[in-house]
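Participant: These protein sequence lines are chains A and B, in that order. Residues in the first sequence are numbered from 1 upward in steps of one, following the working numbering. Residues in the second sequence are numbered from 111 upward in steps of one, following the working numbering.
If you are wondering where the hints come from, they were derived from the structure by calculation, not from laboratory data. Given the structure is predicted, the values throughout are model-derived calculations rather than measurements. Think of the CB as a built atom: it goes at the ideal place given N, C-alpha and C, for glycine as much as any other residue. Any given hint might turn out to be false.
As the list claims (entries may be wrong) - Derived pair list, reagent style DSS-like, types lysine-lysine, alpha-carbon separation capped at 27 Å:
1) A:Lys56 / A:Lys2
2) A:Lys42 / B:Lys154
3) A:Lys56 / B:Lys119
4) A:Lys42 / B:Lys167
5) A:Lys42 / A:Lys102
6) B:Lys167 / A:Lys102
7) A:Lys2 / B:Lys167
8) A:Lys67 / A:Lys102
9) B:Lys154 / B:Lys119
Said to hold, decoys possible - Beyond 10 Å from chain A on every Cβ pair, some chain B residues (computed):
10) Leu123
11) Gln127
12) Thr134
13) Lys154
14) Leu155
15) Ile164
16) Ser194
17) Leu225
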Amino acid sequence: QKEVEQNSGPLSVPEGAIASLNCTYSDRGSQSFFWYRQYSGKSPELIMSIYSNGDKEDGRFTAQLNKASQYVSLLIRDSQPSDSATYLCAVFQAGTALIFGKGTTLSVSS
Amino acid sequence: NAGVTQTPKFRILKIGQSMTLQCTQDMNHNYMYWYRQDPGMGLKLIYYSVGAGITDKGEVPNGYNVSRSTTEDFPLRLELAAPSQTSVYFCATQGQGGGYTDTQYFGPGTRLTVL
C-alpha cells in the first residue's frame with residue numbers, strides 16, 4: 001500500500017513565526033510532490049509543487065524535498081492568521097494519480 | 111471560465127436510494143478524478159478518467175460507478191446508498207497530459223449525507 005504520512009496536528013504557531021509542516025512517502029518511484037491548502041468547508045487549492053531535490057521558494061512559502069529520505073516539507077514564514085487551514089501533502093506516482101496524506105491542521109494565533 | 115463545477119452542493123439520501131453527482135469542466139482537460147473526503151481524513155480516489163470513454167478504478171470504487179462520454183462531463187453514480195458513503199465528494203481535473211507536473215484543479219465539492 002503506497003502511503004503518504006503527515007502529522008495531523010494541530011500545529012499552533014504565533015503570528016509572525018515560521019510554521020514547519022512535514023510529510024513522508026513510501027514509494028521511491030514517486031515523481032512529484034504537491035502541497036494543497038484547504039480551508040474548512042472548501043476545496044483544496046494548490047500552493048506549492050516540487051519535483052527536484054532541494055528547496056523551492058514562492059513568497060512566504062518554501063517547499064523542501066529529499067528523495068533519499070522520502071521526505072518533503074513546507075515552511076511558511078511570517079505566518080498569518082489567514083494561513084490557518086489544513087495542509088495536504090500529495091504525491092504523484094506514474095500510472096496512478098495523486099496520493100494524499102490526511103493533512104496537518106495549522107492554527108496561527110494573533 | 112467556470113473551471114470545475116459540481117452539482118448538487120448538498121444532498122441527503124435515504125439508505126438504498128441512488129443518485130448521480132455531476133461534474134463539468136470547461137478547461138478542456140483530459141484527466142478527471144473523483145475523490146471522497148471523510149472528516150479529518152485526506153482525499154481518497156474513487157475513480158478517474160484519462161479521456162472520453164476511458165475510466166479506471168481508484169482506491170475506493172465499491173458502491174460507485176462512472177462514465178465519461180464527453181471531455182467536459184464526468185458523473186459519479188451512487189447505487190444503493192449506504193451510511194458509509196456519507197462524505198464530501200470532490201471532482202478534479204488535470205492538464206492535457208496528466209503528467210507529473212500538471213496541477214489538479216478541484217471543484218467546490220458535494221456534501222452527501224446518507225441516513
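Participant: State for each hint whether it applies.
Facilitator: Checked hints:
1. A distance of roughly 25 Å separates the Cα atoms of A:Lys56 and A:Lys2; the hinted pair therefore holds under the 27 Å criterion.
2. A threshold of 27 Å between alpha carbons decides the hint, and for A:Lys42 with B:Lys154 the separation of about 16 Å falls inside it, so the pair holds.
3. Restraint check for A:Lys56 and B:Lys119: not satisfied, since their Cα atoms lie roughly 36 Å apart, outside the 27 Å limit.
4. Restraint check for A:Lys42 and B:Lys167: the C-alpha separation of about 25 Å stays at or below 27 Å, so the hint holds.
5. Proposed proximity of A:Lys42 and A:Lys102 is supported: the alpha carbons are some 15 Å apart, at most 27 Å.
6. Simply put, B:Lys167 and A:Lys102 have alpha-carbon atoms about 21 Å apart, close enough for the 27 Å limit, and the pair holds.
7. Note on A:Lys2 and B:Lys167: the hinted pairing holds, with a Cα-Cα distance of about 16 Å set against a maximum of 27 Å.
8. Restraint check for A:Lys67 and A:Lys102: satisfied, since their Cα atoms lie roughly 20 Å apart, inside the 27 Å limit.
9. Taken as a hint, the B:Lys154 and B:Lys119 pair is honoured in the structure, with Cα atoms around 19 Å apart against an allowance of 27 Å.
10. Distance check on B:Leu123: its Cβ is at least 20 Å (rounded) from any Cβ of chain A, clearing the 10 Å threshold; non-interface status holds.
11. The claim that B:Gln127 is not at the interface with chain A holds, since no C-beta of that chain comes within 10 Å of its own (minimum 25 Å).
12. Its beta-carbon lying about 15 Å from the closest one in chain A, B:Thr134 satisfies the requirement of being farther than 10 Å from that chain.
13. The non-interface label for B:Lys154 is inconsistent with chain A: the shortest C-beta to C-beta separation is roughly 8 Å, within 10 Å.
14. With a minimum CB-CB distance of about 5 Å to chain A, B:Leu155 fails to clear the 10 Å threshold, and the non-interface call is violated.
15. Under the 10 Å C-beta cut-off, the non-interface status given to B:Ile164 relative to chain A holds; the minimum distance is some 14 Å.
16. Every C-beta of chain A lies more than 10 Å from that of B:Ser194, the closest at about 18 Å, which supports listing it as non-interface.
17. The claim that B:Leu225 is not at the interface with chain A holds, since no C-beta of that chain comes within 10 Å of its own (minimum 20 Å).
Hints 3, 13 and 14, counting from the list given before, are not met by this structure.
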